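Asker: At position 153 of the sequence shown the residue is numbered 214 (the numbering used here), and the sequence of numbers has no breaks.
Read the hints as simulated data drawn from the structure, not as lab findings.
Worth double-checking, as some hints may not be accurate.
[Claimed, not checked] Simulated pairs of lysine-lysine, BS3-like, Cα-Cα distance not exceeding 30 Å: (1) 257 <-> 105; (2) 115 <-> 105; (3) 136 <-> 70; (4) 86 <-> 115; (5) 136 <-> 86; (6) 86 <-> 67; (7) 70 <-> 100; (8) 136 <-> 105; (9) 78 <-> 115; (10) 86 <-> 68; (11) 100 <-> 136; (12) 68 <-> 105; (13) 78 <-> 136; (14) 67 <-> 78; (15) 115 <-> 67; (16) 113 <-> 70; (17) 67 <-> 105; (18) 68 <-> 113; (19) 113 <-> 100; (20) 115 <-> 68; (21) 78 <-> 105; (22) 100 <-> 86; (23) 100 <-> 68; (24) 115 <-> 100; (25) 113 <-> 67; (26) 70 <-> 115.
Quantities reported herein were computed from a predicted structural model and do not represent experimental measurements.
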Amino acid sequence: MVRTVKKPKQRRHEIVKASRELFLKQGYENTTMQDVMTKLQIAKGTTYHYFKSKEALLEAVVEDMVTEYMAIVEKALNECEGDALDKMRVLVTAGRVAPSQPDTVEDLHRPGNVGLHVRLLAVTLSRLAPLYARVISQGCEEGLFRTEHPLECAEMILAGIQFITDVGCYPWNPQDLKRRSRAIPRLFENQLQAPKNAFNFLYEKI
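Given these sequences and hints, build the entire structure.
Answerer: Structure (structure tokens):
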């Protein structure tokens, strides 16, 4: 049998994609490096040439998922020519890709995917925060918001939304989740000293 030789970038990409699929379906904690090798029918040396450990592979999978996600958000934001509130709506709407990927969300909430889920939330927050900060700064220039710390405000707001409304992190019942979600627009307004009811759209999107 003739061995197929692939370019390094292509081979690495295949390993990341296969690992992503296995992590989501089996759980990161239940997936071994051997599972990845078996799925791709590649040698141990090939796998470890690109990734020295399963932790390194996790980081690559998370980066792949976040990069894919951020492309959607950045495209939507760049196409919006409105004021800061319009762009906030775009960020929230584009950022909530969950309804179109129900299987991915369900897979992330599996018990064996706690590590992947938390890491994904953390990296997503770090990549989203500068975009939110940019919009917050625009809002300050437009007189819609008031803060001297746009990035820190963005980080605090995103951390609150991502974690407190994530049923994978906190198993709220529907009533508890609804109560917390209703408070989020007021928290935005208070944090940014924005006009009353400016963020009511958040409750509809979260």
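Asker: For each hint, tell me whether it holds in the structure or not.
Answerer: Hints and how they fare:
no.: 1; hint: 257 <-> 105; result: violated, 59 Å
no.: 2; hint: 115 <-> 105; result: holds, 13 Å
no.: 3; hint: 136 <-> 70; result: holds, 25 Å
no.: 4; hint: 86 <-> 115; result: holds, 16 Å
no.: 5; hint: 136 <-> 86; result: holds, 29 Å
no.: 6; hint: 86 <-> 67; result: holds, 26 Å
no.: 7; hint: 70 <-> 100; result: holds, 18 Å
no.: 8; hint: 136 <-> 105; result: violated, 39 Å
no.: 9; hint: 78 <-> 115; result: holds, 14 Å
no.: 10; hint: 86 <-> 68; result: holds, 27 Å
no.: 11; hint: 100 <-> 136; result: violated, 34 Å
no.: 12; hint: 68 <-> 105; result: holds, 17 Å
no.: 13; hint: 78 <-> 136; result: holds, 23 Å
no.: 14; hint: 67 <-> 78; result: holds, 15 Å
no.: 15; hint: 115 <-> 67; result: holds, 22 Å
no.: 16; hint: 113 <-> 70; result: holds, 16 Å
no.: 17; hint: 67 <-> 105; result: holds, 16 Å
no.: 18; hint: 68 <-> 113; result: holds, 19 Å
no.: 19; hint: 113 <-> 100; result: holds, 18 Å
no.: 20; hint: 115 <-> 68; result: holds, 22 Å
no.: 21; hint: 78 <-> 105; result: holds, 17 Å
no.: 22; hint: 100 <-> 86; result: holds, 13 Å
no.: 23; hint: 100 <-> 68; result: holds, 19 Å
no.: 24; hint: 115 <-> 100; result: holds, 15 Å
no.: 25; hint: 113 <-> 67; result: holds, 19 Å
no.: 26; hint: 70 <-> 115; result: holds, 19 Å
Taken one by one, the earlier hints fail for this structure at numbers 1, 8 and 11, listed in ascending order.
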